[in-house]
Amino acid sequence: MDITNKSDFRHIFDQYYNPLCNFAFHIVHSRSVAEDIVQDVFTRMWEKRNDIESGQNLRGLLFTAAKNKALEYLRSSSRRTAMHQAANSLWQLREPVEEVAHKYLVMEKLNSSLRHLSPKCREVFVLHKMNGLTYSEIAQSLGISVKTVENHMIKALKILREKLK
Amino acid sequence: MGSMDINKIILQLLNDKSGKEDYRQLESWKEETAENVKWLEDMHAVWPLESEMGSYQQFDSQKGWRKIMRPKGNRVLKMAALGAAFILLATATVYYLFIRETPLSEFQSTDDPVNVALMDDSQIWLNTQTRLKVENDFAEVRLVSLSGEAYFNIAKDARPFRVMLEPDVFVEVLGTSFNIDHSGNGLAVQVYSGRVAVHVLDRDVILEKGDGLKEINGNYVKFRFNDRNTLSYVSQSLVFEDTPLDKVLKDIGRHYKIEFIMGQSVLLPDCVFSSTMINQSLSEVLNELEKIFQLSYTKHENRIVIDKVKC
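Keeping their order, the protein sequence lines are chains Z and G. Per the numbering used here, the very first residue in the first sequence carries number 1011; after that it's consecutive. Per the numbering used here, the very first residue in the second sequence carries number 206; after that it's consecutive.
It is worth saying that the hints were derived from the structure and are not from the lab. Please read all numbers here as calculations on a predicted model, not as lab measurements. Each hint should be verified, as a subset may be incorrect.
Computed cross-link-like contacts, DMTMM-like style, restricted to lysine to aspartate or glutamate with a CA-CA straight-line distance of at most 25 Å [stated by the list, open to error]:
id : chain 1 : residue 1 : chain 2 : residue 2
1  : G       : Lys222    : G       : Glu255
2  : Z       : Lys1113   : G       : Asp409
3  : G       : Lys515    : G       : Asp447
4  : Z       : Lys1119   : G       : Asp247
5  : G       : Lys243    : Z       : Glu1109
6  : G       : Lys235    : Z       : Asp1018
7  : Z       : Lys1113   : G       : Asp416
8  : G       : Lys361    : G       : Asp316
9  : Z       : Lys1119   : G       : Glu489
10 : G       : Lys268    : Z       : Glu1109
11 : G       : Lys452    : G       : Asp416
12 : G       : Lys235    : G       : Asp247
Derived Cβ-Cβ restraints for the label pairs, each shown as a range [as the list claims (entries may be wrong)]:
id : chain 1 : residue 1 : chain 2 : residue 2 : range
13 : Z       : Gly1142   : G       : Val374    : 43 to 49 Å
14 : Z       : Arg1054   : G       : Gln263    : 21 to 27 Å
15 : G       : Gln263    : Z       : Thr1014   : 24 to 30 Å
16 : G       : Asn220    : Z       : Leu1081   : 31 to 37 Å
17 : Z       : Asn1060   : G       : Lys272    : 17 to 23 Å
18 : Z       : Met1011   : G       : Val510    : 20 to 26 Å
19 : Z       : Gln1150   : G       : Lys222    : 17 to 23 Å
20 : G       : Glu237    : Z       : Gln1150   : 33 to 39 Å
21 : G       : Gln313    : Z       : Arg1059   : 33 to 39 Å
22 : G       : Asp447    : Z       : Thr1014   : 26 to 32 Å
23 : G       : Pro253    : Z       : Thr1014   : 37 to 43 Å
24 : Z       : Glu1109   : G       : Leu473    : 50 to 56 Å
25 : G       : His404    : Z       : Glu1082   : 25 to 31 Å
26 : G       : Phe428    : Z       : Gln1150   : 16 to 22 Å
Just so it is clear, CB atoms sit at the ideal spot from N, CA and C, and this is done for glycine as well.
So here's chain Z without its partners, still in its complex pose:
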């Protein structure tokens, strides 16, 4: 991959833009600020493309730059002290950046694979894994048995496993 080549750079951008925006969003809690941060990271990468050695770990580079910019944003104003304090407890800032990047790339794949689930299966998966409802709460809310909820989850997992290969 040659990032001085515009089409290769676009390929990297397409691969990392959404996970990076989500990563930044979970730190700064603002969609527009997260987008600004990530766009700035890519703009600088494009401007400095000739200085980046081939074979350099671009994933680590991008996530580290986004993390630093997000922290810079939180520190930039004393009015955001509460957010800054809350951000210090985030696993996104505590864990090694490579692991964080890996998790966001898996979440990206998982999110885009959800469209392959049937509506019911997707609903159960979203309610359980994304809205945090228990099986019995889902069963009650959808008027189905706990066993049916479990079967939908098993089916969802099976399909996600095939799509995430």
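Using the hints, position chain G against chain Z.
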């Protein structure tokens, strides 16, 4: 071993409910391919991240790419922009320092919902055009004020959490989750877990899980709710299951801040719709409706006039 069995075992493992026999079967499944091991590791890594997965969203990468590749302005324009920014900053500083009574923190959403974390770890999702202010240092009472609509997931704590809506109207809780809509159509509160007290008309109305309170012509009516799309701005998903079309259009309208209007001599047919829409744009949603209901429409800013619709 059947694939259904191994998926069940994996699910139990991810949910921390595996027994010894499950582990044994899992080990032999992992030995089958390196891909199995990798997939399980990936799932293990993200499975506990409910909050992040719940708020995972789609950003507009086309817009992002255009911004990155936009040609840079010339030096004179840059200087002019810098000058304007300086004047704006100075004005804002004077306003904040000398004119405005400053809360400790203030969060404002504009065209998109915003998720904020407070210093006590409470999570709050602001719907569009909503403002939340932290009014004290949370020493004894956690005091915030709200203008607009927000979903609160309050961290359990001995200090009461109070949301001021008007000088004599507030909602008070200890640790729970609830939605407050105070955006102009009267007050509406819905409780998703725990118990809250809504102070209105000099009295406390107690709401428990599944209870709602709505202001209708100055009166407050308590009701049981089962509308799963109230929090669509939090989950970024709309769920319909044999839902009448008028309710479908109402929920979509609420979510995307648009209004559906029936065109001349068009009647809404008596049909139902089932779908789960996650992180979809308005045009994707309209495309789906076009296919299913042969919908044709004309879009005028925030209004969509329906010209044709069939079951």
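Hint-by-hint comparison with the structure:
no. : hint                                : in the structure
1   : G/Lys222 with G/Glu255              : holds, 18 Å
2   : Z/Lys1113 with G/Asp409             : violated, 45 Å
3   : G/Lys515 with G/Asp447              : holds, 16 Å
4   : Z/Lys1119 with G/Asp247             : holds, 10 Å
5   : G/Lys243 with Z/Glu1109             : holds, 14 Å
6   : G/Lys235 with Z/Asp1018             : violated, 35 Å
7   : Z/Lys1113 with G/Asp416             : violated, 37 Å
8   : G/Lys361 with G/Asp316              : violated, 31 Å
9   : Z/Lys1119 with G/Glu489             : holds, 20 Å
10  : G/Lys268 with Z/Glu1109             : violated, 28 Å
11  : G/Lys452 with G/Asp416              : holds, 21 Å
12  : G/Lys235 with G/Asp247              : holds, 13 Å
13  : Z/Gly1142 with G/Val374: 43 to 49 Å : violated, 29 Å
14  : Z/Arg1054 with G/Gln263: 21 to 27 Å : holds, 24 Å
15  : G/Gln263 with Z/Thr1014: 24 to 30 Å : holds, 29 Å
16  : G/Asn220 with Z/Leu1081: 31 to 37 Å : holds, 34 Å
17  : Z/Asn1060 with G/Lys272: 17 to 23 Å : holds, 21 Å
18  : Z/Met1011 with G/Val510: 20 to 26 Å : violated, 48 Å
19  : Z/Gln1150 with G/Lys222: 17 to 23 Å : holds, 20 Å
20  : G/Glu237 with Z/Gln1150: 33 to 39 Å : holds, 38 Å
21  : G/Gln313 with Z/Arg1059: 33 to 39 Å : holds, 36 Å
22  : G/Asp447 with Z/Thr1014: 26 to 32 Å : violated, 55 Å
23  : G/Pro253 with Z/Thr1014: 37 to 43 Å : holds, 40 Å
24  : Z/Glu1109 with G/Leu473: 50 to 56 Å : holds, 51 Å
25  : G/His404 with Z/Glu1082: 25 to 31 Å : violated, 41 Å
26  : G/Phe428 with Z/Gln1150: 16 to 22 Å : holds, 18 Å
In terms of the numbered hints stated before, the structure departs from hints 2, 6, 7, 8, 10, 13, 18, 22, 25, listed from lowest to highest.
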